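Peer 1: These protein sequences, in sequence, are chains A, B, C, D, E and F.
All the letters of the first sequence, read from the start, carry residue numbers 1 to 241 under full-length UniProt numbering.
All the letters of the second sequence, read from the start, carry residue numbers 1 to 241 under full-length UniProt numbering.
All the letters of the third sequence, read from the start, carry residue numbers 1 to 241 under full-length UniProt numbering.
All the letters of the fourth sequence, read from the start, carry residue numbers 1 to 241 under full-length UniProt numbering.
All the letters of the fifth sequence, read from the start, carry residue numbers 1 to 241 under full-length UniProt numbering.
All the letters of the sixth sequence, read from the start, carry residue numbers 1 to 241 under full-length UniProt numbering.
Hints are computed from structural coordinates only; laboratory data are not their basis.
Treat each hint with caution, since some may be false.
Which copy? The list can't say, so a pair holds if one copy fits it or any two copies do.
[Unchecked claim] In the EDC-like style, the derived pairs of lysine to aspartate or glutamate whose C-alpha atoms are separated by at most 20 angstroms in a straight line are:
id, residue 1, residue 2
1, Lys55, Glu240
2, Lys57, Glu80
3, Lys85, Glu240
4, Lys108, Glu208
5, Lys152, Glu13
6, Lys57, Glu112
7, Lys108, Asp187
8, Lys55, Asp106
9, Lys152, Glu92
10, Lys152, Asp187
11, Lys55, Glu179
12, Lys108, Asp222
13, Lys85, Glu112
14, Lys108, Glu34
15, Lys57, Glu34
16, Lys85, Asp225
17, Lys236, Glu112
18, Lys236, Asp78
Just so we're clear, the structure is a prediction, and the values are computed from it rather than from any experiment.
6 protein chains.
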Amino acid sequence: MTFVRTQNRAVNELRPVKLTRNFTVHAEGSVLVEFGDTRVLCTASVEDRVPPFLKGKGEGWVTAEYGMLPRATHTRSDREAARGKQSGRTQEIQRLIGRSLRAVFDMKLLGERTITLDCDVLQADGGTRTAAITGACVAAHDAITRLLVAGKIERTPLTGFVAAVSVGIVEGTPLLDLEYVEDSACDTDMNVVMSGAGHFIEVQGTAEGAAFSRVEMNQLLDLADAGIRQLIVAQKAALES
Amino acid sequence: MTFVRTQNRAVNELRPVKLTRNFTVHAEGSVLVEFGDTRVLCTASVEDRVPPFLKGKGEGWVTAEYGMLPRATHTRSDREAARGKQSGRTQEIQRLIGRSLRAVFDMKLLGERTITLDCDVLQADGGTRTAAITGACVAAHDAITRLLVAGKIERTPLTGFVAAVSVGIVEGTPLLDLEYVEDSACDTDMNVVMSGAGHFIEVQGTAEGAAFSRVEMNQLLDLADAGIRQLIVAQKAALES
Amino acid sequence: MTFVRTQNRAVNELRPVKLTRNFTVHAEGSVLVEFGDTRVLCTASVEDRVPPFLKGKGEGWVTAEYGMLPRATHTRSDREAARGKQSGRTQEIQRLIGRSLRAVFDMKLLGERTITLDCDVLQADGGTRTAAITGACVAAHDAITRLLVAGKIERTPLTGFVAAVSVGIVEGTPLLDLEYVEDSACDTDMNVVMSGAGHFIEVQGTAEGAAFSRVEMNQLLDLADAGIRQLIVAQKAALES
Amino acid sequence: MTFVRTQNRAVNELRPVKLTRNFTVHAEGSVLVEFGDTRVLCTASVEDRVPPFLKGKGEGWVTAEYGMLPRATHTRSDREAARGKQSGRTQEIQRLIGRSLRAVFDMKLLGERTITLDCDVLQADGGTRTAAITGACVAAHDAITRLLVAGKIERTPLTGFVAAVSVGIVEGTPLLDLEYVEDSACDTDMNVVMSGAGHFIEVQGTAEGAAFSRVEMNQLLDLADAGIRQLIVAQKAALES
Amino acid sequence: MTFVRTQNRAVNELRPVKLTRNFTVHAEGSVLVEFGDTRVLCTASVEDRVPPFLKGKGEGWVTAEYGMLPRATHTRSDREAARGKQSGRTQEIQRLIGRSLRAVFDMKLLGERTITLDCDVLQADGGTRTAAITGACVAAHDAITRLLVAGKIERTPLTGFVAAVSVGIVEGTPLLDLEYVEDSACDTDMNVVMSGAGHFIEVQGTAEGAAFSRVEMNQLLDLADAGIRQLIVAQKAALES
Amino acid sequence: MTFVRTQNRAVNELRPVKLTRNFTVHAEGSVLVEFGDTRVLCTASVEDRVPPFLKGKGEGWVTAEYGMLPRATHTRSDREAARGKQSGRTQEIQRLIGRSLRAVFDMKLLGERTITLDCDVLQADGGTRTAAITGACVAAHDAITRLLVAGKIERTPLTGFVAAVSVGIVEGTPLLDLEYVEDSACDTDMNVVMSGAGHFIEVQGTAEGAAFSRVEMNQLLDLADAGIRQLIVAQKAALES
């Protein structure tokens, strides 16, 4: 039996993807990314400083922070600032976003600068971390363009694109780009991050119910690969508009 | 000499005000409020529980939390969740929003429920706390309507409207609704919260430079009073649309 | 009907005010201020350093911290040091005290020094923040005198006096200098900070019950103005003794 | 050579001891204890609850908290509430005070109540922890008397008195009741807590410079024993006045 | 060119694996696991309580905590308890261990009990998280045996075995079970967790340098699969001894 | 009546003491110390930096940190890193270990270096702090030898040995080296730290039940003195092996 998706979405179909640039005015890059009802505001901030461990090395740094507005979700969750700490989940996600974006940066070409990618979820419906990576990449491109235009750097430190999508097995069916109800029901949940060149940057698969076989893994990677190619097309289109 | 405002705004003129309802889908009330370039997302969440000090008293509670996205501002500020605590400024603001909204609620009619107003600044250009109060009031109305429609309460616990605006003296000129550059330059800064009936709920005036006279105080209160009347008209219009 | 006050105090009458200088021996200024049963120990500490944002600018800084001994109140409250954080109320108050004192300082004349005003409530009976401001002003004068006598500064950086009082409306009657039982019962509570020259430094009015009218606001400001003039006379007398 | 003490105090002489009862009005017991220039406000608060581990056992609990006002010392120290945690020293001291007071309580006779002894140092000149224990004992007696008078307990849970003093070796000379300059200079520092019956409750000796011999230890214990006997006389006198 | 490993270890060779049961006496399961120089103490503690979200559901819970002694590493790292928080890395690892162990538990058969797996690294040389999972599985088996022997449960809630190993690409060569110097030098690092039945429970691959291809991914999974089969043999042998 | 000890241990008999050097490989000194079933891993780490208050003074620093694995005890205790703070007990113990070790160091001869002694309890059965001091001393000797061999210092900064033992009164009988069941039952508990020269470095005695007399104190000190002499013999033997 095959799981029936909302609005008859095909198993290998992404939700509608939307990338709105310049969503806010102050940041060097500001992108609202939407994967269906998931909406994440990704800003890229450029600062002329690096963390202590990089001082004087002539290299830059790229890092990410992730947050979720308390009522981005179906029921209100605690505000992390009020609780006084970020959850393990938040830290895991922001470390993932940071590593993913660093994978497309040449730190020497960036120079002694830090780019901070703030990914704040305004509305959540599954896949917030993969949407965040996909949107942050576009925000980073905008921030770098600004540095190039201002003559602060001569060559782009960006080595390409990075995008991400979730895949999973729900009631035995491998699906692309899980929305919340699918994510809650799935046996296996995998987040895949790939470069524009079609290589893997991160693969994080978890068997939440039954363990998964090598065959299933391959099916999931195929779905993710095809989905990410479409996301990269969407990123490029957004940057050209 | 009179201070010249951006876009030749008159001293007693509000910035364009926009109240977008249902900005996000999960919350019982969700309003994006804009005072010019200041944009705050206000959500109202209804929960069937009250804080410990109210348990079993048959009364409800209304509270607020406030946050600013790290890059809502000209330069990036630290994420409070990452630093592990809310600043004194944040706490001051969220206490102000909470008191202001409680002023238009009849807690007995609300019943044993908590309404939490989350006010998150997406973009800041002065007056975030007054915009937050103004938007939160509309979100609260939407949340209450939902409770009435669902038959969970019979009569509205809302006793009216509440709105807020900032006023201040810049280079000797009293001004309504300060934007960021005005706020930074002002000698006196006052936040005024009033009810739909035209009474004061909060007045918080601070001499950041020179102390201010009784005459100046009266000029500021006159400006605020007129501005708030317009904001309440805008709130009612938004709710009718 | 008029509210009857403890010991038949008139509506426009301050509680007995006492300012005891040199209450402790180590601080550059040390004043025990008493407004009736409210007793606050205010110390002024001078340190030859400024916060990072002022380094090398040739200017000084004035800041305040506020605390309440756990059993300063009718029932014991948690020790903030043990709980691991200062409450929103504490932060709000210490920010108010700091701003109020900075209003009477010329930071250039102070030079690269920080004056910290520690206001610790030994016994609380309403009006602790206004008593703290009033006592801290005297402690600051003592600390500055010591710097002048020691020849560390040539001219006083103090531009005058600052004092504060609470006013409020209890059962329809505007009252000066609320004690605890009045404060708990009041509809409107306002803290007013004024300079020796009779100008406003801070006005913080809150409708805890019914919203208040412009007429009531004026009555409250009149009461506060008259009360603060008496407090400033008391400050000067204390410094001359 | 013998160390010469301030005001020619003899090696076995206490500083002037003063115990002022009812120093503040709200607490069930409130004592200002002075050992020379060391001044500690000790309050005893009675609450009708016990910690979770004692619930339903019909026994009470006695605990202590200790704090130092930021400018109790020669140079200002950080406020622990602002730093967000109590230092190791503070915790060590309040654990010591708590154990010392528990040693003179019969928890069954106390019933399901907690007595909290708050010891806040207003002015420090050495020996704050021993002064605190000595003052807290008197405050505890006052709190218990109040319970007896109110008929809440029939028999006193207090089994006697407890007092404490510091002793140390400075430049080879064993001294009683060290003041700050002696404490800073001493090789060995010992805090001794004894019961009214002349037995040891706590002995905490530390070689800060040279290690100390058994002979020196005996000299120190002799000094402490004699000093504590005088302190207990002073406690009894204070309670009879 | 092929990377030469310490002691000429083959690319598909595990380091010597040692599983010492009953390493400490108090815990229901206590296993010292060694992967070469990596040594982790894994204890399983059984408690008759479940987290709030499971109360009254008749199900149990399995969770993990991870720590590293400050000098388990080449240079001393900060003690997390002293710093006041667990790092993102620590949280990521303990969440991984918890999920991995939960994958081999039938929570209904466990009953309302919590099993906590504490994995403390005594000495680190790469692969601490995979060693921890492998050792924790044996400790869990011992704890369950004790419950069975004591008659507290009738059937084992364990559905099988779980073990983990790291794989990575160093200088172009895919390697099994990375030690520290390999881990520091690798381009791709992957942690694989598999069940005794040969299925995947977790796959976490990260491109630290160059992104990796599907071919490389398959090579890494093959290496991991073979290594984990050997680890499961070692686990069974340890339990039979 | 005399208390009968486990395995008929004599009242003045130590548990079997074992000092295993080089228990882990990375630290400059690494000693597993065992007092019967109490097992503590003590590592000495040498770093070429000193705390801020010693910078530029040409002196070194010695400090200690203490931890207990969550399941070192009969029932699992919370992980301090997860709770976000060290308990008062932990801080008290690590301050004691630090002071004890500093007593045998000449900080000038150490030079601008910090030696950190990490004492982590793998298994607890009473006397963890005294075992920690005894083991840390051996680890410190190993670390210093390494500095001497490497030619980084010319003369040893160690002035001798330090060891510690607990003593106590159980059911009226003074006992040496309490194990857990004795410690829980004792009326008086005393930790004694002495130098190789037979002098006191720390004495911390606490009456947990009945207060103790001078005679009892002397009996306890005699027991401790004899026990510590044996421990120092064991330390020397370990270092010679």
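Peer 1: Of the hints stated earlier, which fail here?
Peer 2: Violated hints: 1, 2, 3, 5, 9, 10, 11, 12, 13, 14, 15, 16, 17, 18; rest satisfied.
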